[in-house]
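With the hints as extra help, turn the sequences into a complete structure.
Order-wise, the sequence lines are chains Z and U.
Going by the numbering used here, the letters in the first sequence line up with residues 1 to 363, in that order.
Going by the numbering used here, the letters in the second sequence line up with residues 1 to 179, in that order.
Read the hints as simulated data drawn from the structure, not as lab findings.
Don't be surprised by glycine CBs; every beta carbon is placed ideally from N, CA and C.
Fair warning: there could be bad hints in the mix.
Where chain U lies over chain Z, by a calculated footprint (3+ residues, C-beta under 8 angstroms) [stated by the list, open to error]:
(1) 218 to 229
(2) 236 to 245
Example chain U residues on the side facing chain Z (calculated, C-beta under 7 angstroms, incomplete) [stated by the list, open to error]:
(3) Tyr-33
(4) Leu-87
(5) Arg-90
(6) Val-121
(7) Phe-140
(8) Phe-141
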Amino acid sequence: MQPLSDHELATELRALRPTPEPEFASELDARVAAGFADDDGRAGAFERLLAWLRPTRRRLLTASAAGAVAAVAIATVVIAPGGDEPTESNPSSSLGFLNLAEDAPPEAEIGAGATGEALVPRAQSAPSSPTGPYASQTRDREVERSATIFLRTDAGDVRRASADVFSAVSAVDGIVLSSSVEEGEGGGGNFELLVPSGKLGDALASFSEIAEVASREESTADVTARTVGLNERIEDARATVDSLLAQLATADSEDERAAAEAELRAERRRVAALRAQLSDLQRRTNFARVSLQIVTDDSGAPAGDDGSWGIGAALDDAGRILETAAAVALVGLAVLAPFALLALLAWLARRRWLTASRQRALG
Amino acid sequence: MSETLVAIANHETASEAGIDFDRLYRDSRDDLYAYAAGLLRDRAAAEEVTAAAFERAYRKWSRFDPRRGSARAWLFGIARNAALDELRRRGRQAELAAEPADLETATAAESAEGSARRLTVAAGLAALAPRDRELVALKFFAGLSNAEIAAVMKISESNAGTRLHRVLDKLREACHAAA
Chain Z
1 MQPLSDHELA
11 TELRALRPTP
21 EPEFASELDA
31 RVAAGFADDD
41 GRAGAFERLL
51 AWLRPTRRRL
61 LTASAAGAVA
71 AVAIATVVIA
81 PGGDEPTESN
91 PSSSLGFLNL
101 AEDAPPEAEI
111 GAGATGEALV
121 PRAQSAPSSP
131 TGPYASQTRD
141 REVERSATIF
151 LRTDAGDVRR
161 ASADVFSAVS
171 AVDGIVLSSS
181 VEEGEGGGGN
191 FELLVPSGKL
201 GDALASFSEI
211 AEVASREEST
221 ADVTARTVGL
231 NERIEDARAT
241 VDSLLAQLAT
251 ADSEDERAAA
261 EAELRAERRR
271 VAALRAQLSD
281 LQRRTNFARV
291 SLQIVTDDSG
301 APAGDDGSWG
311 IGAALDDAGR
321 ILETAAAVAL
331 VGLAVLAPFA
341 LLALLAWLAR
351 RRWLTASRQR
361 ALG
Chain U
1 MSETLVAIAN
11 HETASEAGID
21 FDRLYRDSRD
31 DLYAYAAGLL
41 RDRAAAEEVT
51 AAAFERAYRK
61 WSRFDPRRGS
71 ARAWLFGIAR
81 NAALDELRRR
91 GRQAELAAEP
101 ADLETATAAE
111 SAEGSARRLT
121 VAAGLAALAP
131 RDRELVALKF
141 FAGLSNAEIA
151 AVMKISESNA
161 GTRLHRVLDK
171 LREACHAAA
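Encoded structure:
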């Protein structure tokens, strides 16, 4: 037999092609037409249900994923610190400003002042029925005022807020005693200010417009008694000085003159000290001391303590919830990751083994 | 209800792949069987593998990606895995002890009609190693192109052509020796 040509070999091989039995072919046709549903009714129904759900499931998954991404993005932009969203958009800030700037004077701290005077709330500093040794001078009472205000703003807005603080101080003829400004994440600003007492309300209103007011406190100390007392002591000292001068003029001996001069020097030093105290007291009543801090969301700013719960607080809460949920998810992933890795390795190993064993089956 | 769901499923997969599963089935049924029977040399096993392959393909039809190859090559890839699993499960390597005469009987019947050469080719084919016989089955029984064979066997097209050429040389030598 002559060696077969490629064409002859191909022809013979095609002629050897096995064909399925008609019974098998018709049976398989029927199964395919039925979608292999008759083989396993339970599995078939499940597969059909999956097939029916597939488009809906995909849409749901897509919508869920898009919604989750959008929620995270919104939460990140609106709530996250350092975002570019202006804080004026937060309704709580403007509401807080209105409450603080336009309402009745806020509660003041009650405590002891540095000079020993009793610090009393502002509402009590102008009693309707004054009592005490200086009750007749209620219209000219000397009151020392101080305020502490925290402004919350974005980290990128600290420079602008600081410039506005300087402008506001200048507008009320105030004095910046000290200032420090730090920009960027975790930054902020600290300002020690002196503001004319009569313009303290205007100044605080201006400060409140610069950024969201995180907290604000005002305190007053009635120093009328101390002022009057100092004035009286100065008058007494002056009278003493006049008396000593008279003694000095009528002194007959050197000893008397030396004693009068020594007493006169001591009394004059006393008058000078009393005047210095009075001057310091007047400066403190003429100028209110304001401690202003600009804080960013991530610099440990004190939370608002007005007790209200609005959209801003809700966003804060939502942010915290998202943060917690993300943390929980992260922990869950950390726990599951090793198992997932093991499962992946096992799956890869099985697949490799299956491929190798199939190749071995061919010999 | 079930027919509607099946229709929805068919429509979905067809729209995604641009190919109708029923058409793929009609075009490939006999070829797939021929490949399985040529590799396994067992009609019952070939029928089982053919049915299993079509059922798996039907279940996975939504995952078929036309960009990764033709539907026919994808289907034969599934069938190949099913056939190799069948070989592996039975612990044999394409050599059947139970029903070896099925194909040979048919071949003998045909040879009785006047083709001694065909009988010689059938004998040479039976003498081939399963790995070589698979190539012949894919090419001449199933009618796959070299590119489709390469896709099914996960080798390059040139490698498929080279291996096919060598297998034909082996077969030619086996036929010559048998003659």
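I'd like to know which numbered hints this structure contradicts. Please list them from smallest to largest. Per hint list: 1, 2, 5 violated.
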